[in-house]
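Trainee: Each residue of the sequence shown is one higher than the one before, counting from 1 in UniProt numbering.
Keep in mind that a hint or two might mislead.
[To be verified] Quick list of in silico lysine to aspartate or glutamate cross-link-like pairs, EDC-like style, CA-CA up to 16 Å:
1. 203 / 136
2. 113 / 93
3. 84 / 73
4. 56 / 69
5. 254 / 128
6. 214 / 196
7. 113 / 14
8. 56 / 73
9. 140 / 196
10. 188 / 136
11. 15 / 129
12. 92 / 119
13. 140 / 193
14. 15 / 111
15. 84 / 129
16. 92 / 69
17. 250 / 221
18. 228 / 193
19. 117 / 69
20. 121 / 69
21. 228 / 248
22. 15 / 115
23. 121 / 73
24. 117 / 93
[As the list claims (entries may be wrong)] What follows is a list of derived Cβ distance ranges for each label pair:
25. 218 / 90: 35 to 43 Å
26. 207 / 9: 51 to 59 Å
27. 214 / 142: 22 to 30 Å
Hints are computed from structural coordinates only; laboratory data are not their basis. A virtual CB, placed ideally from N, CA and C, is assigned to each residue, including glycine.
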Amino acid sequence: MEDDKSNIHELDLEKSDRPVWLMKSPVVVAKAWGKQAPSSSSSSSFSSSGFNSLAKVVESFDPLQSETEFFMEMVGAEYGNMPKSYALNMFKDFVPMGIFSEANLGDPASEGKVEHKFDMKPHGEDIEEYAKLCRERTSKSMVKSRQIQVIDNDRGVHMRPMPGMLGLVSSNSKEKKKPAPVKQTEVKRTRRDRGELEAIMFKLFEGQPNWTLKQLVQETDQPAQFLKEILNELCVYNKRGSNQGTYELKPEYKKAGEDDTGEQ
1 MEDDKSNIHE
11 LDLEKSDRPV
21 WLMKSPVVVA
31 KAWGKQAPSS
41 SSSSSFSSSG
51 FNSLAKVVES
61 FDPLQSETEF
71 FMEMVGAEYG
81 NMPKSYALNM
91 FKDFVPMGIF
101 SEANLGDPAS
111 EGKVEHKFDM
121 KPHGEDIEEY
131 AKLCRERTSK
141 SMVKSRQIQV
151 IDNDRGVHMR
161 PMPGMLGLVS
171 SNSKEKKKPA
181 PVKQTEVKRT
191 RRDRGELEAI
201 MFKLFEGQPN
211 WTLKQLVQET
221 DQPAQFLKEI
231 LNELCVYNKR
241 GSNQGTYELK
251 PEYKKAGEDD
261 TGEQ
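Could you put together the complete structure from these sequences and hints?
Mentor: Next comes the structure, spelled out in structure tokens:
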């Protein structure tokens with residue numbers, strides 16, 4: 001009983017009412033911030049003094065427009081060639097959420113409740129810079145470091161059985177039994193590397209501007225759910241019109257593809 005009591009931690013609610021902004025950032029931004037963030041996971045790392053200045057948010061208000069616009073500018077020269085300016089799109093409806101932290105000693109704390117939720121994307125001239133960054137990442141992912149190895153023993157126990165062979169008895173068996181009925185199972189598709197799949201997707205959309213999810217599953221041999229994640233980042237879904245029910249590349253990726261063609 002004493003051991004159970006020692007494992008009980010009280011939740012610190014001192015900052016539970018503090019308003020917090022939640023933002024979904026691109027991978028390159030998250031990695032850049034992760035390198036500069038303090039390694040400590042204590043609640044103090046959430047305070048304004050716990051981080052170096054990573055970026056500044058600019059609020060733009062136009063009396064002629066009903067909605068306020070938000071922009072983010074990266075601070076410092078540590079970001080290299082990545083885009084420095086981003087537009088913040090505010091979500092109007094989202095599930096109420098809270099932010100929690102856990103110190104090194106295991107004491108949890110509430111750091112606040114989410115007041116606004118944002119999605120960020122490159123702004124202005126930085127769209128071209130971000131598209132170039134995506135192309136470079138795709139090119140790097142296409143360089144394969146895999147090795148092909150020939151298996152000497154093709155009858156090993158680790159060989160994958162062919163469809164319809166499960167339950168069959170070897171002809172050398174003393175007693176021949178009737179083969180057990182084989183249940184038809186769904187084909188499990190193995191996920192490719194994300195960058196490699198993006199490169200394949202760009203290639204497919206170069207040859208044909210519109211694709212359905214079913215067509216892309218057949219062309220790439222990838223799980224439908226994994227494909228949807230990639231499509232949500234790279235494409236827009238046509239809900240109406242002549243191309244209803246199909247996906248096509250977002251404008252920034254279309255323009256990037258045209259630039260590549262022009263350079264060649």
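Trainee: Work down the list of hints and note, for each, if the structure agrees.
Mentor: Structure-based check of all given hints:
1. The straight-line distance between the Cα atoms of residue 203 and residue 136 is roughly 15 Å, inside the 16 Å bound, and the hint therefore holds.
2. Proximity of residue 113 to residue 93 is assessed by CA-CA distance (about 15 Å); at most 16 Å being required, the pair is judged to hold.
3. Between residue 84 and residue 73, the direct Cα distance comes to roughly 6 Å. Compliance with the 16 Å bound is thereby established for this hinted pair.
4. Taken as a hint, the residue 56 and residue 69 pair is honoured in the structure, with Cα atoms around 14 Å apart against an allowance of 16 Å.
5. Our distance criterion of 16 Å between C-alpha atoms is met by residue 254 and residue 128, whose separation comes to about 11 Å.
6. The straight-line distance between the Cα atoms of residue 214 and residue 196 is roughly 20 Å, outside the 16 Å bound, and the hint therefore fails.
7. Between residue 113 and residue 14 the alpha-carbon distance is near 12 Å, which keeps this suggested pair within the 16 Å criterion.
8. Straight-line distance between C-alpha atoms of residue 56 and residue 73 comes to about 5 Å, which keeps the hinted pair within the 16 Å bound.
9. For the suggested pair residue 140 and residue 196, the alpha carbons sit about 9 Å apart, so the restraint of at most 16 Å is met.
10. In summary, the hint linking residue 188 to residue 136 is not supported, as the alpha carbons are separated by about 31 Å, beyond the 16 Å threshold.
11. With a C-alpha separation of about 39 Å, the suggested pairing of residue 15 with residue 129 is violated against the 16 Å cut-off.
12. Between the alpha carbons of residue 92 and residue 119 the distance comes to roughly 11 Å, so the proposed pair stays at or under 16 Å and holds.
13. Under the criterion of a C-alpha separation no larger than 16 Å, the hint pairing residue 140 with residue 193 is consistent with the structure, at around 12 Å.
14. Between residue 15 and residue 111, the direct Cα distance comes to roughly 5 Å. Compliance with the 16 Å bound is thereby established for this hinted pair.
15. With a C-alpha separation of about 9 Å, the suggested pairing of residue 84 with residue 129 holds against the 16 Å cut-off.
16. Between residue 92 and residue 69 the CA atoms are separated by roughly 13 Å; this keeps the pair inside 16 Å, and the hint holds.
17. Distance check on the hinted pair: residue 250 and residue 221 sit about 23 Å apart at the alpha-carbon level, beyond 16 Å; violated.
18. Distance check on the hinted pair: residue 228 and residue 193 sit about 15 Å apart at the alpha-carbon level, within 16 Å; holds.
19. About 13 Å separates the Cα atoms of residue 117 and residue 69, which keeps this hinted pair within 16 Å; it holds.
20. Of the supplied pair hints, the one linking residue 121 and residue 69 holds, its CA atoms being roughly 13 Å apart against a limit of 16 Å.
21. Taking the CA atoms of residue 228 and residue 248, the gap is about 13 Å. The hint holds against a cut of 16 Å.
22. Our distance criterion of 16 Å between C-alpha atoms is met by residue 15 and residue 115, whose separation comes to about 14 Å.
23. Taking the CA atoms of residue 121 and residue 73, the gap is near 12 Å; set against the 16 Å cutoff, the hint holds.
24. The suggested pairing of residue 117 with residue 93 holds, with an alpha-carbon distance near 9 Å, which does not exceed 16 Å.
25. With their beta carbons about 38 Å apart, residue 218 and residue 90 fall inside the hinted range of 35 to 43 Å.
26. The beta-carbon spacing between residue 207 and residue 9, approximately 57 Å, falls within the hinted interval of 51 to 59 Å.
27. Between residue 214 and residue 142 the CB atoms are about 26 Å apart, so this pair conforms to the stated range of 22 to 30 Å.
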